[in-house]
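Assemble the complex: chain A is given as a structure, and chains B and C must be docked to it using the hints.
Chains as they are written, first to last, in my numbering: chain A, 1 to 489; chain B, 1001 to 1199; chain C, 2001 to 2782.
Just so you know, not all the hints are guaranteed correct.
Calculated lysine-lysine pairs in the PhoX-like style (CA-CA distance at most 25 Å, straight line) [to be verified]:
{"id": "1", "chain 1": "C", "residue 1": "Lys2674", "chain 2": "B", "residue 2": "Lys1187"}
{"id": "2", "chain 1": "B", "residue 1": "Lys1178", "chain 2": "C", "residue 2": "Lys2680"}
{"id": "3", "chain 1": "B", "residue 1": "Lys1187", "chain 2": "C", "residue 2": "Lys2680"}
{"id": "4", "chain 1": "C", "residue 1": "Lys2259", "chain 2": "B", "residue 2": "Lys1178"}
Read the hints as simulated data drawn from the structure, not as lab findings.
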Amino acid sequence: MHRPIETIGRLVGVGVLVLALMLSLRSPTADVSRAPRALSNDAVADSTGRGAALELSRVLLDRGQRDGARGADATDSIGQSVHLTLQRIPSAALRATLAAASLAGLPLDWTDSTAARGLAVSATAAADPQGGTIARARAQNTQPLVLRDAASTLDSVADASRGLAVSGARLSARIEARQGRSRAAVDVPAQALLRRLLLFARPGWEAKFVTAALEERGWKVDGRLLIGRNAFVTTGMPSGADTTRYAAVIVLDSGVVPAEPLSRFVRQGGGVVLGGDALRDAALRTLHPASPDGERPMVPGALLTDAPRRGLDAWELRPQRNAVVLVQESHGTHADPTVVVRRIASGRVLASAYRETWRWRMEGPVDGLEAHGAWWSALVSAVAFVPQRDTRVLRNDRPDSARGIPSVARFDSAIAAGARAAQRSPYPGDAAPYADLVARLGAPVALPTVRPTPATSPTVWWRASWLWFVVAAVALVTEWTSRRVRGAA
Amino acid sequence: MFATAQYESGDWDSAPMVPANVIDAIARYTSIPVRPQGVSVPLSSEVIYGYPLLFLTGHLPVRFTNKEAEVLREYLRRGGMLFVDDHNHDVDGAFNKTVREEIRRVAGPLVPLPNSHELYRSYFVFENGPPTTSHEMNGWGDNLVHEQLDAVLFASRIAVLFSTKDYSSEWSYHPDNKRFLSVDNTKFAVNIVVYALTR
Amino acid sequence: MTGLPFGAAPGPERVPHVPAPHVSAPHVSAPHEPAPNEREGRAAMRPADTVALALVSRVQQLLRRVAYARAALIGVAAACAVAVALLLAARQWPDVRALSTPLRAFVALVAGMAIAAAQSRGARHITLLRTALFIEEQTPAGFALVTLVEQTAPINGGDAPNDATQLGVRSRQRLGEAFLDAVGGSVSAEDHAQAAARTLSRDRLRDPAAFGLLAIALLVWLIVVPLTTARTTDGTVPSSTPPDDTQASRRTAPIGAWKVRIEPPAYSGLPIQELGNADDVHALTGSRLIVLGVGALPSAVDVRASIDASLPMLPAVGAAAGGAGTSLTTPTAALTATADGWRATLTVAVMPTELRLSRGGATRLLLLDGYGDSIPRVALRVPERDSVLRRATGRLSLQAAIHDDLGLSGASFELIVSSGEGERFTARTVRVAATRYTGARDVTLRAALDLDSMQLGPGDIVHVRAVARDANPASARESGVSETRALRVARPAEYDSVSVEPAPPPEVDKSLLSQRMLLMLTEKLERRRPRISRDVLQSESRSLARDQARLRLAVGDAVFQRLSGESSAEHAHTVGDGHDHGVESVGGKLAMPGGVSATGMIEEGDDSPVIGINKPLLEAYNAMWDAGRALELSDTRGAIPHMRVALAAIERARAASRLYLRGKPPVVILDLDKIRLAGKDTGSTNVRSLRTAIPPRARAREARLLSAALLALTDAGAARDSVAVMRLESLADAPEFANALGEVVERLRTGGDGTDAFVRARRVLGGVSRAPDAAWSRVGPP
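One chain only, chain A, in its complex shape (with noise of 0.2 Å):
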């Protein structure tokens, strides 16, 4: 008869024990007096709020009851104002919970006890019109910093300080910037409202393949090339360049075009492309981002290279003061630029070196066709003109199913679902958590002088669980010996 009462004694210590772990790992949210912990709750994974309002609700009440004599660890009176020592960043309901409380006559000040430091990031859609985010993130120190989506991850730097930029041709739903325990998260905007381009050039192999190749990007293109004598061929309809019919203007070629019209819809916010001869086009000088110095000879065989705009003639650029160099090969111990960028008021012109790239699509290495269509395409993006738009009117809420992506069986219903679910909006302040909890509750305050003791802590022996886990594992241990000792003897 000993035997199953001595497996029952056991499956008792063990269930005992296990119990005891329990106690000793539950979380302590549910704990009044630790309200300060469950307030530098993560604030990503707490978004709705709901928990940080009732933990602030919870925080006011415990204040009423101590008379503001006793507070929890973290968390004091001090005279009729709370004092908040953060851990990490709340969440951002309850920042802006916090500051309605500070807002509605309730003292508040916070002492940061955080290991974040103005980290932030930012989305924005690309001017592409196959759609596509740069998402950029920064920190004012040296630390790791992860750039990620609701996939996985996206990006990591060693050093915060000198940013990460990533661009992405389809990121879900939020992007996310971490570093430590800090986070900081946007949403993915909405595909930016592109209008068409209008190309100026003489008829040539440069003329339809950079047509071609911006067309088959996904761009719409209108132009007009004369052919003969008062007879043209038209692409597209064609009109006077406006940024409320183009977002950007293309020019190929010298004298195509008059200036006057060029400038107007560059102050207009409009993007001008000058590539090949249109460099020297002096009626456009006050245009040019670069001045052309000289001719960059070619160098023969390099289009079959790595490095494939090398084989093509190129200018030599001279960038004007304020403009930016985009693209530039370097030669040994120098670096000429062939892509220069500036802003003329709220437009933005480029200037690509290159001349007959076509010969890149065609001559060029076997991804030379795709590779010479995203260069022009990424030219183009880089100055085009983007309305602003509204985003709740014109947000596209469909899922993936809806835009003609195959999917099977019991994929729509679970892609819409996750589509909504992830389309929870995070609160704006989440791109810079820090700085809008410095924004909500002002500049954090250096840790008060007066502080209840660790002595007069609340706590009492009992309601440390894992003293329970200790002792549960001891008799058992002790049990189990003492079996083994009698054994033994």
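The following block gives chains B and C in isolation, referenced to the frame of chain A:
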């Protein structure tokens, strides 16, 4: 602007005056910049990628070598256009039969090009499709007047244009003699070039 | 406790040696020769103790048999139970399903044997002492029997008897007698013991037997009714539900396990494949795919092509890879009900295809990746290169190496013989060495071509290639062809140049053929001359004269080009123009100093090679001049002899020329400034059609991949299906991405964490890239 394709088999240079005549027509009717003389490029060489419009003709059987087929396939993928003309003007001729097989191997089957295609309006307007040649009218070759051209289309763009109308004979004369013609018979060549240059 | 004999002993216990009884005791035998001390004891033993010990021994044997029987029964029952468990698990988990039936049987057998072996260990503990205790438990005798057994043999496991517990022979006899007295004699003792053992065996064997029978019954039921009770909605096996309810549940139950069979086309000679419950199939195009399932017919069947229509070269690719049934149209599936359930059949197409079968609100996919029957690869080994034959006689060796993936049906050499020149060409096709094969994969085709029988004439060109067909019976099936070699028969006029690389007609030939054509036209006009008016004659004759003049200038160009290296047709060559061409223009004709006869013919002489080449051309030029002049005067009859002279001279010029200017057409350089926009006609303004955007495949795939990654959190099965479909679609154009997706599928299939695989696939797709950190609000070009 464009080049004549040299292939290993057959007589690729059976119409040596065609390039000069086409260049003459381009210069005569358009402001498109052209070089003053034609160029011949071997089909087996990647040099053809530098000439997005190629002209190929001949009388004899055509069998592309593997290299030629490979280069031509890539050429068409990248956006080049090949204009093939049967110098035999004979649908039962060796050139016609063999070159069709080779085109099918490289680019896919040829399909009739409707006479309403924009090729016939790209510069001059040819209401009835491809203009008839004197060789057709005189009953040479297969003794037929071919109403349509054939083509291989890539995404609605003509990649290969195939003619059995013998423009090679029709256009193979010295451009200086054009002044003796009441109607210039090379105007259709302008359409082909403009189409290739804009589409 | 009746179970004492079967109780587990704490340690090994040695079985006491039983002395041989004096009376006949057939059930007892000494296992080996007794030790010397035992012999001493046996000599002194009396019948009473011997009888008692024999009884103990017999009961011990009986009890041991019961123990072994029980172990065997438990073993069998356990094996059956394991087999049943495996069968049930196979319906739930694909991993188990993948195990073959013999392997599953082996696992069950091993498990049963292991359990039986473990159980049989208890029989070793049925010692004589325990047996004696058992007997005394049934018929109490004051432990006389136990004491007797205890004292008869050593019990401590040592080699020597335990002297301390050994009693004398007399005492043992008394113990035996006491036992027999207590149980009422030996017969009664025997009866009691046997009855107790039987009762015990009944009790011990009843439960294992019942367990075994139950397991066997369950196993038989599962085997005999294999799939008719497939998974219902909750995955359990319905047992006693009424028939109506079963039918209803089958109609609504999702499709469970199926069996896939691939029947390759007959010509391929490939065996039929049984793939079991497969999710994807890699099969030869044209194979017949059969899916067998149980339960009601699927409510929906759908076949979709998993291809990206934006692939531009797809038609050509499809045609090249084609085989039987290689049409690019999506195949249709035929769904039929069978006695056991249902059957879906379709023909495997050339493109990746998904077969979707739906029932009970869920869809199950079968992905078909059809691979084409490749056309034979043919390489022409002999002749190795193009060549020129001086005379078309003798035999020409031909050899080709041919390979096919499935098997060849025939091969031959194809010869296209083209004859003629100028505007007249004829061609005939000849096949030689046609050979039939029955499934050979690698062959070498040889032939010797009898050139005499081909009756080749000078100038004829033979294009040779090898052609091979495989056994694919499709009507539009392409043949495999080798590269083509050209063999040209030299013309007599060029015998001195046959060693050079063969070439298409050189530039002079163009003049030749045109001269021949002009001659023909002139002869035709001469024949028509009596029937046409003078005006018509003059008009046509002058037209011919202009063409003749053009040819003459072309020949003149050739002459000057050879002599001076100049190539311009527009270059004026006149006497005294400062150029030393070695020729002079005399009255419209060309002449070389001292080399021209009074008739205008150029005498052959010991001239330099250049002059040697050009003499015939000069002669042709002059003859053309004469012919042109005659034509201008409408004297067609007078022009014909000059034209014939010109033709012959051009023939001679070509024969004399060692320069085969392959591929160099006459150079015409146009004066563009002069002709620019000189045309009277002008073109019209036209609207160019728009070029369609290439669908951003990578972006669409990125979106689907992300959706699948999110879906995997809630429904791994659906996510796996989605990724598998995408993988199938990507195989053609993005194999690296397809590989990465394969890892995702595998990870999801095995229930593992697919995060890493998803990230890897996303990186392979290249949808995310680090943007340069420039002082510009947009991302610049890459």
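Evaluated hints:
For the hint pairing Lys2674 of chain C with Lys1187 of chain B, the CA-to-CA distance comes to about 18 Å; that is within 25 Å, so the pair holds. Restraint check: the Cα-Cα separation between Lys1178 of chain B and Lys2680 of chain C comes to about 12 Å, which is no more than 25 Å; the hinted pair holds. The straight-line distance between the Cα atoms of Lys1187 of chain B and Lys2680 of chain C is roughly 11 Å, inside the 25 Å bound, and the hint therefore holds. For the hint linking Lys2259 of chain C to Lys1178 of chain B, the alpha-carbon distance of about 75 Å lies beyond 25 Å, and the restraint is violated.
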